[in-house]
Each structure stands twice: as C-alpha cells, then as structure tokens.
Amino acid sequence: MNLPGVRLRRAAMASANPMATAGRDARTILKEYPREALAVLLLIAAAMLLPFRLAPIAIFPVPLVAWATAAAVTLSSGGWTFRDRLTSAGAPVACYVFGGLAVTALRWAQGAADLGGLAAEYFRVGEIMFMVGTAAGVFWLAYRLLTPPRPRPR
Numbered sequence: 001m002n003l004p005g006v007r008l009r010r011a012a013m014a015s016a017n018p019m020a021t022a023g024r025d026a027r028t029i030l031k032e033y034p035r036e037a038l039a040v041l042l043l044i045a046a047a048m049l050l051p052f053r054l055a056p057i058a059i060f061p062v063p064l065v066a067w068a069t070a071a072a073v074t075l076s077s078g079g080w081t082f083r084d085r086l087t088s089a090g091a092p093v094a095c096y097v098f099g100g101l102a103v104t105a106l107r108w109a110q111g112a113a114d115l116g117g118l119a120a121e122y123f124r125v126g127e128i129m130f131m132v133g134t135a136a137g138v139f140w141l142a143y144r145l146l147t148p149p150r151p152r153p154r
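full-length UniProt numbering puts the first residue of the sequence shown at 1, with every later residue one more than the last.
If you are wondering where the hints come from, they were derived from the structure by calculation, not from laboratory data. Ideal placement from N, C-alpha and C gives every residue a C-beta, glycine not left out. Hints are not guaranteed to be accurate.
[Said to hold, decoys possible] Distance windows between CB atoms, simulated:
1) Q110 x P153: 45 to 55 angstroms
2) L101 x L75: 17 to 27 angstroms
3) A119 x F139: 25 to 35 angstroms
4) A55 x G90: 24 to 34 angstroms
5) A45 x A109: 28 to 38 angstroms
6) L115 x R150: 44 to 54 angstroms
7) G116 x A45: 29 to 39 angstroms
8) F52 x A119: 13 to 23 angstroms
9) F98 x F139: 15 to 25 angstroms
10) R124 x A45: 13 to 23 angstroms
Turn these sequences into a full structure, and let the hints guide you.
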C-alpha cells in the first residue's frame, strides 16, 4: 500500500540509525499512540488560542477550556508515566503563575507601584509564560514518546 509521503519517509529514514530510533518515526508513533497525539495537539491548540480574544464559554475563557480538555486527555493517556503526564499538563499553569509573579515582582521592584499596571503586566506576561510552559510540556511528552523510560529493576 502506498501511503502519502512514503518516498519522503524513506528518504528521511535512510540516514537514520535504526538502533537509535528502534524503527519508530512520527507515523508509527501516531498509529501506536493516537490518544497521546491528540493530547499534544490539544495542548498546542490551548496555547495558540491565547492571543485571540474569543467569547468565553459560560464564564470560562476558551483557552482555559482547551487546556482543561488537553489536561484531561493527557492524564488519561497510558503512553507516559504518571509523573510525565502530571508535569506536562501542569507546566503551562505553573509557568503562567510563577512566571507572571516573577516578572511582576521585578516590575514592582523597579518602582512601578501602580496596582492596575502591575495586574495588566501580570496577565500580559502570564500569557507568554503559558505558551513557554506549553512548549516545554509538549517537547517533554514528545521526547518521552520517542524514548520511553526504561523500566526500573525490582
């Protein structure tokens, strides 16, 4: 069966070390782990929705709903260890909170004492930090799919 891009895949894998990749590439990962691929795509979608000011769903912003869905799918996936799932699902929120606080504290220390300005700065920087945390979580999950951890000896 000729799948789309078979020549490109063969050309890309021709120089790959099969011992290093264990015969795994993006196509085989997508076929073996569809829920994990969906979780990664939802995390990316949550970060990409931040710059757009979409109408909230009930009282919740759309990126928050997308992140909550991505976190639920990530936590229910079996392709990663629980620590990897929890770390990657929580990284965007942790970066949002702590990154926003760090930058706001720096601004406050520089003399920007206006509370409204500090709050606006926190939310502006928080969105960027959310994207940074999402990127870190996505790269970690992709890395763990490509090179799963070795089982611990008992």
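Practice task
List in ascending order the numbers of the hints, as given earlier, that are violated by the structure.
Solution key: none
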